[in-house]
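Using the sequences and the accompanying hints, generate a full structural model.
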Amino acid sequence: WYGDPADGTSIVACCGGGGSAATGVKNLLMVRIGLQEEIEPIIVNTGDQVGVGVTIAKNPITNKLSLFCALGSKIHVYSLPEARLEQELSIGDNVNAVAVNAMVDKLSVGCESGTVKVYEIVADCRVRELASYVCEGHSKAVSAVAFAPRTNIIVSSGKDGTARVWREDECIAVLTCSIKDPKQPPPKRAQQVLVRGCGFGDLDGKLIFTVASGRKGKAFLSKWGFDETSNQYQCIERTDCSPYPISAMSISGDASTVALGAVNGTITLWNVEKWRAVKSFPEVHDLPVTCIAARPFDVPLEGEDESGVKYNALSASADSQMAWLTIQRKLPKGAAQRASSGPPLAEYINLLLKLAILFWTFSPLAKEMAETCGGADVPGIFQCIRDDVLVAPMSRPGIAVPPH
1 WYGDPADGTS
11 IVACCGGGGS
21 AATGVKNLLM
31 VRIGLQEEIE
41 PIIVNTGDQV
51 GVGVTIAKNP
61 ITNKLSLFCA
71 LGSKIHVYSL
81 PEARLEQELS
91 IGDNVNAVAV
101 NAMVDKLSVG
111 CESGTVKVYE
121 IVADCRVREL
131 ASYVCEGHSK
141 AVSAVAFAPR
151 TNIIVSSGKD
161 GTARVWREDE
171 CIAVLTCSIK
181 DPKQPPPKRA
191 QQVLVRGCGF
201 GDLDGKLIFT
211 VASGRKGKAF
221 LSKWGFDETS
231 NQYQCIERTD
241 CSPYPISAMS
251 ISGDASTVAL
261 GAVNGTITLW
271 NVEKWRAVKS
281 FPEVHDLPVT
291 CIAARPFDVP
301 LEGEDESGVK
311 YNALSASADS
321 QMAWLTIQRK
331 LPKGAAQRAS
341 SGPPLAEYIN
351 LLLKLAILFW
361 TFSPLAKEMA
371 ETCGGADVPG
381 IFQCIRDDVL
391 VAPMSRPGIA
401 VPPH
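Note that our numbering has the sequence shown beginning at 1, numbered continuously upward.
Treat each hint with caution, since some may be false.
What the hints assert, rightly or not - DEER-style ranges, computed between Cβ atoms: (1) Ser113 / Arg276: 17 to 25 angstroms; (2) Ser132 / Lys216: 37 to 45 angstroms; (3) Tyr348 / Arg84: 36 to 44 angstroms; (4) Asp240 / Thr326: 19 to 27 angstroms; (5) Val122 / Glu283: 26 to 34 angstroms; (6) Glu120 / Ser73: 16 to 24 angstroms; (7) Leu287 / Pro364: 51 to 59 angstroms; (8) Asp319 / Ser90: 29 to 37 angstroms; (9) Lys367 / Met322: 52 to 60 angstroms.
Unchecked claim - As a list, the in silico DSS-like pairs of lysine-lysine whose alpha-carbon atoms are at most 25 angstroms apart: (10) Lys188 / Lys159; (11) Lys330 / Lys367; (12) Lys223 / Lys140; (13) Lys218 / Lys159; (14) Lys140 / Lys74; (15) Lys279 / Lys218.
To be clear, the hints were calculated from the coordinates, so they are not data collected in a lab. Computed from a predicted structure; not experimentally measured. Note that the Cβ used here is the ideal one computed from N, Cα and C, for glycine as well.
Laid out in structure tokens, this is it:
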């Protein structure tokens, strides 16, 4: 989810497919510009490759918007807003995660082999074919990568139970994540620790968030801070954030919220300052959450002024559904007035049809009331309607004795 605080531009992109890389069934990349539901998204067929990661970046010098999509062992670079393919970059390894730094001059990819490769981005968002450097240290697949906004420090997390901090190809810190529950006895068998999400909580890379879980059971969100005295990252907070494993994580642009997606389809929005969940959306999806994006900036984005709804996160799942999530309880006054200005034409037509049906149903009854009780006074009218119209008298044929 890309947002521009200067002009309110909002672009949402997601990728995936209905088949495997071998079958190539409905493998698509979808790009939606703006938050209005009526805007048709741009659909790009990715052939026999299933997209597993996507990020959007704007060159601060040329203002060119580009989309980077991880497809198998390649990175496809598309120009926006037309979603035109401009480059296919071969990585030589299956890619699980992709990130671009703030200056849009470096591209980082996390690979299935456990390596993190960093490439240089040159003019017009072209990526050099050879990696600038390779970070080696994870013993299992890399799940997520992220750049610190002001520096080129990278954090990566993997299925080996660790998050690692890199300054170029040097690993300067190893954050060993735990899923031990202090409220429960130790398990008989140790579970594999999967650190499926990581990211920075400040501009300089001195605050890191990670989320770790096993194949089942609780997930734990950790906050790591850089200690100037020991020159190391220390775990400041570690809290169970979900009764189910977390499969996707994203940090908002202002680092105030961590959005978490669980394997049971539940979405949790975690407030960093209060260090607690501020909103949970139980089982929004029928299948595990495969990707999630927290709000890029707190300023109003394109389409929100009209709708009055401020979205806090977007999520997608293997159930082929996207969820647009907000903690907002009610519409602002101006938006509420626009929403209540009147129903659309379709609702007017529907109301007229209902009234016509009611008139057709009750018109014979009204005619009989007028013919039978028209000459009576007011008290007599009510008695007449009750006894002679609504409740038929015993003398009417077919009431006491069936007619022959």
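Practice item. Check the following: the C-beta atoms of Ser113 and Arg276 are separated by a distance inside 17 to 25 angstroms. Key: For Arg276 against Ser113, whose Cβ atoms are near 37 angstroms apart, the range 17 to 25 angstroms is violated.
Exercise for review: Measure nothing beyond the straight line between the CA atoms of Lys223 and Lys140; if it is 25 angstroms or shorter, mark the hint as holding.
Suggested key: 22 angstroms, holds
Check your understanding: Ser132 and Lys216, beta-carbon distance inside 37 to 45 angstroms?
Key -> Given range 37 to 45 angstroms: holds, Cβ gap about 39 angstroms.
Check your understanding: Does the Cβ-Cβ separation between Asp240 and Thr326 fall within 19 to 27 angstroms?
Key -> 25 angstroms, holds
Exercise for review: Take a quick look at whether Lys188 and Lys159 sit within 25 angstroms of each other, Cα to Cα.
Suggested key: Cα-Cα ~21 angstroms, so holds.
Review point. Holds or violated: are the alpha carbons of Lys330 and Lys367 at most 25 angstroms from each other?
Key: Status violated; Cα separation ~48 angstroms.
Point to revise | Hint consistency between Lys218 and Lys159 [alpha-carbon to alpha-carbon, up to 25 angstroms] | key: 16 angstroms, holds
Practice item. Check the following: the C-beta atoms of Lys367 and Met322 are separated by a distance inside 52 to 60 angstroms. Key: Distance hint for Lys367, Met322 holds at roughly 55 angstroms.
Check your understanding: Is Lys279 within 25 angstroms of Lys218, Cα to Cα?
Key -> 18 angstroms, holds
Review point. Between Tyr348 and Arg84, does the beta-carbon spacing fit 36 to 44 angstroms?
Key: 43 angstroms, holds
Point to revise | Distance restraint hint 16 to 24 angstroms, applied to the beta-carbon atoms of Glu120 and Ser73 | key: 19 angstroms, holds
Practice item. Can you let me know if the beta-carbon spacing of Asp319 and Ser90 is within 29 to 37 angstroms? Key: 32 angstroms, holds
Hints 1, 5, 11 from the earlier list are contradicted by this structure; the remaining hints agree with it.
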